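S.K.: Residue strings, one per chain:
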Amino acid sequence: MADWIDACAKDDIEEEDLIRFDHGDRTFAIYRSPEDEFFCTDGRCTHEDVHLADGLVMDHTIECPKHNGQFDYRTGEAKRAPVCVNLATYPVKVEGDRVFIEI
Amino acid sequence: MPGIVIIGAGECGIRAALTAREAGYDGPITVLGDEAALPYERPLLSKPNSGGVVEKLIATREALDDMSITLETDVSVTAIDRDERMVVRAQGDPLPFRKLLLATGARARRLSCPGGDRARVLRTMEDARAIYSAAGTARSAVIVGAGLIGLELAAELTGRGLGVTVLEAGPRPLGRNVPERLASKLTTRHQQAGVEVLCGVQVASCTESDVVLEDGRAIAADLIVAAIGVEPNVELAVSAGLTIQNGIRVDRRLVTDDPDILAAGDCAAVEMRSGLHLRYETWQNAQAQGEVAGRNLAGGNKEFDVPVWFWSDHYEIGLQGVGDTSGQPAASREMGRDSEILFFLNDAGALIGAAGLGQGSAVAKDIKIAQRLIGTTLDPVLLSDPAHNLKKLLRAA
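For the protein sequence lines, the chains are A and B, in the order given.
Take any residue in the first sequence, note its place counting from 1, add 1, and you have its number in our numbering.
Take any residue in the second sequence, note its place counting from 1, add 221, and you have its number in our numbering.
Check the hints yourself; a few may be wrong.
Here are the in silico distance ranges between beta carbons for each label pair [said to hold, decoys possible]: (1) B:Leu-434 <-> A:Asp-60: 51 to 59 Å; (2) B:Glu-256 <-> A:Asp-13: 24 to 32 Å; (3) B:Ala-300 <-> A:Thr-76: 43 to 51 Å; (4) B:Gly-581 <-> A:Asp-60: 21 to 29 Å; (5) B:Thr-299 <-> A:Asp-26: 51 to 59 Å; (6) A:Cys-85 <-> B:Tyr-536: 25 to 33 Å; (7) A:Pro-35 <-> B:Ala-569: 51 to 59 Å; (8) B:Tyr-536 <-> A:Asn-87: 28 to 36 Å; (9) B:Gly-521 <-> A:Ala-10: 41 to 49 Å; (10) B:Arg-330 <-> A:Glu-16: 42 to 50 Å; (11) A:Asn-87 <-> B:Leu-278: 14 to 22 Å.
Straight-line alpha carbon distances no greater than 35 Å define the calculated DSBU-like cross-link-like pairs of lysine-lysine that follow [stated by the list, open to error]: (12) A:Lys-80 <-> B:Lys-268; (13) B:Lys-406 <-> B:Lys-277; (14) B:Lys-523 <-> B:Lys-612; (15) B:Lys-612 <-> A:Lys-94; (16) A:Lys-11 <-> B:Lys-613; (17) B:Lys-406 <-> B:Lys-612; (18) A:Lys-80 <-> B:Lys-613; (19) A:Lys-94 <-> A:Lys-11; (20) B:Lys-613 <-> A:Lys-94; (21) A:Lys-80 <-> B:Lys-277; (22) B:Lys-523 <-> A:Lys-94; (23) B:Lys-612 <-> B:Lys-268; (24) A:Lys-80 <-> A:Lys-94; (25) B:Lys-612 <-> B:Lys-277; (26) B:Lys-406 <-> B:Lys-613; (27) B:Lys-523 <-> B:Lys-277; (28) A:Lys-80 <-> B:Lys-523; (29) B:Lys-523 <-> B:Lys-406; (30) A:Lys-11 <-> B:Lys-523; (31) B:Lys-523 <-> B:Lys-613; (32) A:Lys-80 <-> A:Lys-11.
Hints are computed from structural coordinates only; laboratory data are not their basis.
Quantities reported herein were computed from a predicted structural model and do not represent experimental measurements.
Ideal Cβ placement from N, Cα and C applies to all residues, glycine included.
Take these sequences, add in the hints, and give me the full structure.
M.R.: Put into structure tokens, the structure is as follows:
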């Protein structure tokens, strides 16, 4: 059964940026969009074993720190070669100043 | 009907084929590769995992089929007939083309000294398998050339327990493309790992058991690897009468002297804004030029204008650079955990390049921002201040 996990405070993430969130043996990436909305995807690129948290967020795109592969972090859609496999995404809710993800 | 023919099935050739199709070209596209393997990513060859060489395909056979791209592997192209607009292969009928892309890449330079044929090179999947297989029984390795490939390989081999010596003819490691301060930090890390780095030395010969230097020293080597750079594969272009200038000379649209023949990637010397023709050897350059070539093969009119960018991994350290970092840095940004980025400005104060070193991908984000800031006039004081988010500079630009 999926659980809501208290992942971080809203202000742990800067606007148009992301942080890494590890839970058990899994790793996630949590994003704050320029519109102040929050999103969550798998933490590693689908192309190589690289943490997306070191990548650059521009608008709604996360660019992998290694190969310039890009995803739309709202949908997980692969946007630019060499990535071709979409990222898994997870529901997010904000309660007060806390960000929860459902995994 | 003659279609697009691409000679070379590496990152550049395959990317060009995929891009031409995505751009709407609906005629035949044929890619001719000289290796037997399906197109694979070369950067991983110097970064094997416990299972050995990592084989990552650029595109599967199914993906190419889906795009109606014909891939022929293990093909030797012997000539380009410009009058008849045909490519001649060692076997089979000549292949007519409407547009031709030369993405022939480069090959590793070999040691020319006596016994130099003992030295292996690292360029292909086959090369990589042979090196790691030999490393399984070797106790000592000598790597000739302290460039990025030589040092990445040194990190890998020392990690496997070999005694590793790196020999460099120049005055310092990474003299061609990494700022001295970062090269020095990285060299120190290699030395801490037990790698011996000798600069300003010339190899005289390779014997059964040693590499002998011109000063008479002999260094034990069960395994020898030459990592002394590459030569662009220009022979087909030469025999077709195209101009060569440290690579196949092309204009900003990647077009050669012949309006129907393009060249891109490691083999191409591309006209820059400065008017100079430059040839780059990075994975990103192959990808980016492949994309431009693909658009232009499909009838586009796109100019190549992407700053060169690279990454390199050694132990837990990641190095990245973008643009021109050949001069003196104007600003240094120290970001903790031994991470540092150097910024390079031109006389007018505009950013022309940046290079950084740090744990893992620690500098990646800021190097990507720097890439977007190239050409922007920036204050070195703000660049040097780690508390000043670079993204603020990007938003202000």
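S.K.: None of the hints should be skipped; say for each whether it holds.
M.R.: Verification of the supplied hints:
1. Between Leu-434 of chain B and Asp-60 of chain A the beta carbons are some 55 Å apart, a value that agrees with the proposed interval 51 to 59 Å.
2. In this structure, Glu-256 of chain B and Asp-13 of chain A break the distance hint of 24 to 32 Å, their C-beta atoms being roughly 48 Å apart.
3. Ala-300 of chain B and Thr-76 of chain A have their C-beta atoms about 49 Å apart, which keeps the hinted 43 to 51 Å range intact.
4. Distance hint for Gly-581 of chain B and Asp-60 of chain A: a CB-CB separation of about 25 Å, consistent with the stated range 21 to 29 Å.
5. Judged by the Cβ atoms, the range 51 to 59 Å given for Thr-299 of chain B and Asp-26 of chain A holds: they are separated by roughly 54 Å.
6. At about 30 Å, the beta-carbon gap between Cys-85 of chain A and Tyr-536 of chain B stays in the expected band of 25 to 33 Å.
7. Distance hint check: the CB atoms of Pro-35 of chain A and Ala-569 of chain B are about 31 Å apart, inconsistent with the given range 51 to 59 Å.
8. Distance hint check: the CB atoms of Tyr-536 of chain B and Asn-87 of chain A are about 32 Å apart, consistent with the given range 28 to 36 Å.
9. With their beta carbons about 47 Å apart, Gly-521 of chain B and Ala-10 of chain A fall inside the hinted range of 41 to 49 Å.
10. In this structure, Arg-330 of chain B and Glu-16 of chain A meet the distance hint of 42 to 50 Å, their C-beta atoms being roughly 49 Å apart.
11. Asn-87 of chain A and Leu-278 of chain B have their C-beta atoms about 18 Å apart, which keeps the hinted 14 to 22 Å range intact.
12. Simply put, Lys-80 of chain A and Lys-268 of chain B have alpha-carbon atoms about 26 Å apart, close enough for the 35 Å limit, and the pair holds.
13. Proposed proximity of Lys-406 of chain B and Lys-277 of chain B is supported: the alpha carbons are some 31 Å apart, at most 35 Å.
14. In summary, the hint linking Lys-523 of chain B to Lys-612 of chain B is supported, as the alpha carbons are separated by about 29 Å, within the 35 Å threshold.
15. Note on Lys-612 of chain B and Lys-94 of chain A: the hinted pairing holds, with a Cα-Cα distance of about 27 Å set against a maximum of 35 Å.
16. Our distance criterion of 35 Å between C-alpha atoms is met by Lys-11 of chain A and Lys-613 of chain B, whose separation comes to about 20 Å.
17. Simply put, Lys-406 of chain B and Lys-612 of chain B have alpha-carbon atoms about 27 Å apart, close enough for the 35 Å limit, and the pair holds.
18. For the hint pairing Lys-80 of chain A with Lys-613 of chain B, the CA-to-CA distance comes to about 25 Å; that is within 35 Å, so the pair holds.
19. With a C-alpha separation of about 11 Å, the suggested pairing of Lys-94 of chain A with Lys-11 of chain A holds against the 35 Å cut-off.
20. Simply put, Lys-613 of chain B and Lys-94 of chain A have alpha-carbon atoms about 28 Å apart, close enough for the 35 Å limit, and the pair holds.
21. A threshold of 35 Å between alpha carbons decides the hint, and for Lys-80 of chain A with Lys-277 of chain B the separation of about 19 Å falls inside it, so the pair holds.
22. Note on Lys-523 of chain B and Lys-94 of chain A: the hinted pairing is violated, with a Cα-Cα distance of about 44 Å set against a maximum of 35 Å.
23. With a CA separation close to 31 Å, the supplied pair Lys-612 of chain B and Lys-268 of chain B stays within the 35 Å bound.
24. Under the criterion of a C-alpha separation no larger than 35 Å, the hint pairing Lys-80 of chain A with Lys-94 of chain A is consistent with the structure, at around 25 Å.
25. Note on Lys-612 of chain B and Lys-277 of chain B: the hinted pairing holds, with a Cα-Cα distance of about 33 Å set against a maximum of 35 Å.
26. Of the pairs offered as hints, the one joining Lys-406 of chain B and Lys-613 of chain B holds, with about 29 Å between alpha carbons and a cut-off of 35 Å not exceeded.
27. With a C-alpha separation of about 29 Å, the suggested pairing of Lys-523 of chain B with Lys-277 of chain B holds against the 35 Å cut-off.
28. With a CA separation close to 20 Å, the supplied pair Lys-80 of chain A and Lys-523 of chain B stays within the 35 Å bound.
29. Distance check on the hinted pair: Lys-523 of chain B and Lys-406 of chain B sit about 40 Å apart at the alpha-carbon level, beyond 35 Å; violated.
30. For the hint linking Lys-11 of chain A to Lys-523 of chain B, the alpha-carbon distance of about 43 Å lies beyond 35 Å, and the restraint is violated.
31. Of the supplied pair hints, the one linking Lys-523 of chain B and Lys-613 of chain B holds, its CA atoms being roughly 30 Å apart against a limit of 35 Å.
32. The hinted pair formed by Lys-80 of chain A and Lys-11 of chain A meets the criterion: a straight-line CA distance of about 27 Å does not exceed 35 Å.
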